[in-house]
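Q: For the record, the sequence lines run as chains A and B. UniProt numbering applies: residue 1 is where the first sequence begins, and numbers increase by one. UniProt numbering applies: residue 1 is where the second sequence begins, and numbers increase by one.
In short, the hints are calculated from the structure, not lab data. The reader is advised that the hints may include incorrect statements.
Derived DEER-like restraints, expressed as beta-carbon distance ranges [to be verified]:
id, chain 1, residue 1, chain 2, residue 2, range
1, A, 51, B, 181, 27 to 33 Å
2, B, 312, A, 30, 42 to 48 Å
3, B, 223, A, 51, 27 to 33 Å
4, A, 174, B, 181, 53 to 59 Å
Chain B stretches covered by chain A per the calculated footprint, using a threshold of three residues with CB under 8 Å from any CB of chain A [as the list claims (entries may be wrong)]:
id, stretch
5, 48-54
6, 88-100
7, 128-135
Anything over 12 Å on all C-beta distances counts as not near chain A; from chain B, calculated [unchecked claim]:
id, residue
8, 104
9, 106
10, 262
11, 274
12, 282
13, 284
14, 289
15, 302
Values in this document were obtained by computation on a predicted structure and should not be read as measured data. Built from N, CA and C at the ideal position, the CB exists for glycine as well.
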Amino acid sequence: MSQITVNEAITQALAEEMRRDPRVLMFGEGVATKRQDLLAEFGGQRVRNTPLAEGIIAGTAAGAAATGLRPVVDLLFAPFLCFAMDEIVNSAGKLRYISGGQFAFPMVVIAMTGSGWTVGAQHNHNLEAWFVHSPGLKVVMPSNAADFKGLLKSAIRDDNPVLFFVDMALGHVPGEVQDDEQLVPLGRAAIAREGKDVTIISYAKMVNTCLEAAEQLAEQGISAEVIDLRSLKPLDEEAILRSARKTGRVLIVHEASRMCGVGAEVSAIITEHAFDALKAPIIRLTGPDAPAPSSYMLEQAFMPQPDAVVVSVAKLMGPIALRGHAREAVNA
Amino acid sequence: MSQIIQDSRAVSMLECMMLIRAYEEKITALQAAAGGAGTCTSVGQEASAVGVVRALSTDDRILTNHRSAGHLLARGADPGRLFAEVMGRSTGYCKGKSGSLHISAKELGVLLTSTIVGGELSLATGVALSMSMLKQPGIVACFFGDGAACEGIFHESLNLASVWKLPILYVCENNQWQAYVHRKETMIGDHVSAWAKNYGMESRTVDGNDVEAVHAATREAIARIHETGKPYLLETYTYRLRGHFEPDDQAYVAADELAQWRERDPIAQMQQKLIARGEISPSDIAQMEARVAKTIAQAAEFALNSPFPAASELTTDVYA
Ligand SMILES: Cc1ncc(C[n+]2csc(CCOP(=O)(O)OP(=O)(O)O)c2C)c(N)n1
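Please put together the full structure from these sequences, using the hints given.
A: Listed below in structure tokens is the structure:
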């Protein structure tokens, strides 16, 4: 067991998979410059810099994936995925089906997402739902170092195109990671904290926000269960329903805007399959329908904060459940 | 099962061009009679398809676009399975999931057909990267139109292929049209081949209606790719004699332009040339016509008698 950051976990996963499988290669804008260790170990054929042209990077990955390589591409910031949408969505996502199953696309697209770095809207956009909505793709968005490592390794071994989102603010966050190989399967959620009164469902760095809120709620005598989805597609419906049935109260928290976001899907699944278990309407706590601001203060307001999670839980529980400060916040 | 044909004899190339023409005419006739989804035909461009594809070896891979029937047939595709694909039958090359616009046939080395204009240009670099890193012999031939050449991805693709020294033969079929827009409205100059210079790439424009000229130019281009280890751009200058997407009355096409290019029909030209050279007689041509007609009639029959895919196929092949 060692303490490493999320960025180190990503590097370890890449190195271990490249060591294990000579077909794995990595390219992107500055990949060979920024990942000197990988370049030194695997050489310039397998760790490549590219032009600043996301379309050709993603298209090259798709073509290579279909014909025997297992590329990992780093497209830097999620908004730049707009330049690569055609290659990811129309080629990698669809050509398996269109061709009647003649080709597979074992490739991983890494991109940074999320607030916390005050980089503003053209570098910060949580657009995971776009890809969840696209057939043929898988989408992963972990919250801690161990999952980053284990899920990236699984994504590289998966025979489908996987979007791997790195919440920017998590990069330097340390966490416990097993030294031996710990694969985390795609499509399985984690119970980040057990609880019995209310279920809080989240992913990426918002999981930490929810855990902080759960601490505060515990002080109030409310036992919150926090579910970390980790993988948004495939989505672990069973884990979602199990917890919703257990507590009967569900809050969904994500930073991406509400309309047609992942929370809408999670909410619909629960209403379709566990409506009878609900003691209160499901609540979604999300970022606003606005581009991400750069100003630190506005950016903090853009992200759901622990206090807001507590308030939302209080609404689910009924205001009498809370004492003191939190109660005032709810009544305000 | 179909076989990949790599027969460079002039007579054989002529018959293949006639087969493509008969295929396209049959599919448009079937559609006109029964309705249903149209196709983008390659009538008028047969010399470009046959001249290039017949110069490729079995190791070489092909990426193409929405106007692909000629490329597939020149590669030896079974016309019955092509008809079946267009008609949405389960016996088609892609089990009826492609339709006419993005047929691929891995067994023939015809990969990843894209109907997103320019999509094949982005995938080609990856296929060539695989071939070079996995040390496979052969090159990638990537077919696209002058319309695709006006897109950013064309420039991204040529640039990266040049920088990474990928074995790609870019084949721009400049058929003067970009759907319903004449090339002259949207591009500077007459030729795409000149643009390759900026990427340190050798290139050439060839008369796309002369199958022997296309064939010779392709062989030279492939030899250069093997010699230099670098990509090459070949522009076949030709004309789309039918509309963009069937049915299409071509009301937007200038009559004199169309008439001029009809005069230069690649099949009629080749027939005259071979008769003049004494390589075939008019009765040979009649025999070829009968053979081709029979093949196409049987192929259409096969497709029409083929079953549609079961509804349960709707969600298969989405994920590996
Ligand atoms: C990205 C994209 N834009 C528009 C279209 C619609 N479209 C289909 S074919 C075509 C014309 C393409 O022209 P060109 O590349 O010259 O090829 P040609 O059809 O002449 O062979 C257009 C505009 C498309 N399929 N994809």
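Q: None of the hints should be skipped; say for each whether it holds.
A: Here's how the hints hold up against the structure:
1. 51(A) to 181(B): 27 to 33 Å: holds, 29 Å
2. 312(B) to 30(A): 42 to 48 Å: 46 Å Cβ-Cβ, so the 42 to 48 Å window holds.
3. 223(B) to 51(A): 27 to 33 Å: Once the Cβ atoms are compared, 28 Å apart, the range 27 to 33 Å for residue 51(A) and residue 223(B) holds.
4. 174(A) to 181(B): 53 to 59 Å: Holds, since residue 174(A) and residue 181(B) (Cβ atoms, about 57 Å apart) stay within the stated range.
5. 48-54: violated (count 0)
6. 88-100: holds (count 7)
7. 128-135: Holds: 6 residues of the stretch 128-135 of chain B have a Cβ under 8 Å from chain A.
8. 104: Its Cβ does come within 12 Å of chain A, the nearest being 5 Å, so this is violated.
9. 106: The claim breaks: residue 106(B) does not keep its Cβ more than 12 Å from every Cβ of chain A (closest is about 4 Å).
10. 262: For residue 262(B), whose nearest Cβ neighbour in chain A is about 34 Å away, the distance exceeds 12 Å, so it holds.
11. 274: The claim stands: residue 274(B) keeps its Cβ more than 12 Å from every Cβ of chain A (closest is about 37 Å).
12. 282: Given a closest Cβ separation of 42 Å, the condition holds.
13. 284: holds, 38 Å
14. 289: holds, 33 Å
15. 302: holds, 17 Å
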